Amino acid sequence: MSTPLLRTERLKKYFEVKRGFIRRSKGYVRAVDGVSLTLNRGEAISIVGESGCGKTTLGKTILRLYEPIGGKIIFNNKDITYLRWKDLKWYRRETGLIQQDPFGALPSFMTTKGILQEPLIINGVKDKKERMEKIYRSLEQVRLTPIEDFIGKYPHMLSGGQQQRLVIARSIILEPKLIIADEPVSMLDASVRVEILKLLQNLQRDYKLSIIYITHDLSTTRYFSEMIYIMYAGHIVEGASTKEILKSPMHPYTKALLNVIPDPDPSNRLKVREVPAGEPPNLLSPPSGCRFNPRCINIIKGVCDSKEPPMFEVDKDHYVKCWLYDHT
Amino acid sequence: MEKEHLNVKNLLMYYRTRKGEVRAVDNVSFFLPRGETVAVIGESGCGKSSLARSIIRLLPRNVSIYKGIVLFNGLNLMELDEESFMKKIRWIKITYVPQAALNSLNPVLRIGDQMIEPMILHQKMQKDDALHKAANALRNIGISKEFIKSYPFELSGGMRQRVIIAMSLLTNPELMILDEPTSSLDVLTQANIMNILKNIKKDLKLSMIFITHDVSLSSELADKVAVMYAGQIVEFNDADIIYHEPRHPYSQKLMESVPTLRTDKKLSFIPGSPPSLLSPPEGCRFAERCPYAHERCSRDPPLVYIDKEFYVKCWLYERG
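Those sequence lines, one after another, are chains A and B. For the record, in the first sequence the residue sitting at position 29 is 29 according to the numbering used here, with numbers rising by one throughout. Going from the second sequence to the numbering used here is simple: count from 1 and add 328.
Treat the hints with care, as some may be off.
[Claimed, not checked] Capping the alpha-carbon separation at 20 Å, the derived lysine-lysine pairs in PhoX-like fashion look like this: (1) K594/B - K243/A; (2) K533/B - K271/A; (3) K198/A - K593/B; (4) K113/A - K129/A; (5) K271/A - K530/B; (6) K452/B - K415/B; (7) K113/A - K126/A; (8) K271/A - K526/B; (9) K12/A - K26/A; (10) K529/B - K331/B; (11) K529/B - K271/A; (12) K581/B - K198/A; (13) K593/B - K243/A; (14) K243/A - K316/A; (15) K594/B - K198/A; (16) K421/B - K533/B; (17) K72/A - K12/A; (18) K12/A - K78/A.
[Said to hold, decoys possible] Cβ-Cβ distance ranges computed for the label pairs, FRET-style: (19) G104/A - L386/B: 23 to 33 Å; (20) G485/B - K18/A: 24 to 34 Å; (21) H572/B - N123/A: 44 to 54 Å; (22) E313/A - S484/B: 27 to 37 Å; (23) E130/A - K594/B: 37 to 47 Å; (24) H572/B - D127/A: 53 to 63 Å; (25) I448/B - G27/A: 36 to 46 Å; (26) H572/B - P146/A: 34 to 44 Å.
Quick caveat, the hints were computed from the structure, so don't treat them as lab data. Keep in mind it's a predicted model, so treat the numbers as computed, not measured. Just so you know, even glycine gets a beta-carbon here, dropped at the ideal spot from N, CA and C.
Construct all of the structure, not just a fragment, from the sequences and the given hints.
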């Protein structure tokens, strides 16, 4: 088997919080705290978690838009964790980011052509004809056709779905190997959402792209990715194939998440769903032991609240960070 | 007493902009039996919020046409003047929780002080009684009464939304209009709010209009469902039927685009985009995107009533 495209080992990103006149340090927000994951070539994985669990920070740290403070990022067999910015230009070309709000991500004063041309100019595609060829090809890939209708338009003249497709076109124009899609559809309407997800899926299949899909919405992941990682309070708490997670979730948090997501069904209105009490911890001072322990219904007193659980491999390629699965 | 708690007939609300007249609510009819919930679903810009605001008469300043019949307990609200509407209906009998209301709490006032203000001003209550009532209201939605002394920033998003719901219930309303009550909240928090709304519905026998873009979520509360498209209700149906056998082609397509967690299904999307409400097409507004469109669709489809109460606005169901 070939080596994975991307591997992170105990990756960490803390943000320092400073307060007061002399900017005294008040401690660290442990947004990403020891995350290890593997992404194979041409594979799509999902990172699922609630807001504030560190999933966006994880994405941005992998792209080196944030400086990691510990652990390793290995891309294509090269350790890029601490490369200096000027040595990272090739990495920028190999990676792309799609964010939640397409309108905010597009410069309002530029036309479609200008938006797509910029990365090409920066990355030294000097021949004008070659640039236009690439622009046309990427617009075709995201199906903004007929191209003549779109090439001269400004972002505000496009619908939400079209804007997001333009963002995708921009992120793939340099033919990257890795795309991080951070909530790419959460601002779009239901009918458009599926269209964008299918587009990403086709790109992934046709061009052997690797995609990390970051979302809070478990129900869209099953149509998209092979692996799911569940994130809670800066940790990955469970990782397994999409089928496994949906069929036999193991971590109490994953179970709770799956339990509250409704499918369209009129009988829903007759039942009350079980919701774990409390709220995710403040990452400035997370609870000791397992970070889910204050909300967990299966808590083992004296264990879960004092020792952080390691990742247990409970099944082939099914990992759970929970003491319940300690059979040693 | 009327069987229907709320009965909306041929409601119109247009407003004028520089580009022309926007037909935000265009001839909308539906009814709501006492103690039940109607979910209004549809995509952004289809007029869901405008419909809610038309019922509670919070109109844009540039409104050009506003007519129709809104029967509430048998009384036509459209005939009330503004003064009595404000004193008797709005936020008294009918309460409205607007979208993103959790961010509209006053940041410099304590939760308790914000909650008692309307009771002191309108109901002329004593401060202590009002505070007592506010504490009770908070307890009903699972927030301990200590929070009455907190400021909004000390509360999480889910708690602020619950405070808003508690506030809207202080006047003992009969009808509650909720506009995307959980749209900016996390899934667990959302489930929590839905549990609270279910309890309120059961315990207080409250009628509700639940506006959402999220089809799956709508099934958490809905007894009846109204599907809106481009300013019109294209299908009004019973919840037990619509999630499994939607009738209108748009409802069918919308259901097909909803990802599900537990059942395998092929997802599809609706090509194209909804028409502008400035100059919607003459006939059926969905015709351009409809797989079953034929020549009759260039004329405005009638409301075809099926099982007496429920209708679908589509030529496919018109016999004869």
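Okay, the hints, checked on the actual structure:
1. K594/B - K243/A: Roughly 16 Å separates the two Cα atoms, so the pair holds.
2. K533/B - K271/A: Given pair K533/B, K271/A holds - Cα atoms ~16 Å apart, limit 20 Å.
3. K198/A - K593/B: holds (14 Å)
4. K113/A - K129/A: holds (13 Å)
5. K271/A - K530/B: holds (11 Å)
6. K452/B - K415/B: holds (14 Å)
7. K113/A - K126/A: OK: K113/A and K126/A at ~15 Å, within 20 Å.
8. K271/A - K526/B: Satisfied, since the Cα-Cα distance of roughly 9 Å is no more than 20 Å.
9. K12/A - K26/A: holds (18 Å)
10. K529/B - K331/B: Roughly 18 Å between the alpha carbons, so the hint for K529/B and K331/B holds.
11. K529/B - K271/A: holds (13 Å)
12. K581/B - K198/A: holds (16 Å)
13. K593/B - K243/A: Holds - the C-alpha atoms of K243/A and K593/B are around 14 Å apart, at most 20 Å.
14. K243/A - K316/A: holds (13 Å)
15. K594/B - K198/A: holds (11 Å)
16. K421/B - K533/B: Holds, at roughly 13 Å.
17. K72/A - K12/A: Given that 20 Å is the threshold and the Cα spacing comes to 9 Å, the pair holds.
18. K12/A - K78/A: OK: K12/A and K78/A at ~18 Å, within 20 Å.
19. G104/A - L386/B: 23 to 33 Å: holds (29 Å)
20. G485/B - K18/A: 24 to 34 Å: Since G485/B and K18/A have Cβ atoms about 25 Å apart, the given range 24 to 34 Å holds.
21. H572/B - N123/A: 44 to 54 Å: 52 Å Cβ-Cβ, so the 44 to 54 Å window holds.
22. E313/A - S484/B: 27 to 37 Å: holds (35 Å)
23. E130/A - K594/B: 37 to 47 Å: Holds, since E130/A and K594/B (Cβ atoms, about 39 Å apart) stay within the stated range.
24. H572/B - D127/A: 53 to 63 Å: holds (57 Å)
25. I448/B - G27/A: 36 to 46 Å: Holds, at about 42 Å.
26. H572/B - P146/A: 34 to 44 Å: Since the Cβ atoms of H572/B and P146/A sit about 39 Å apart, the hinted range of 34 to 44 Å holds.
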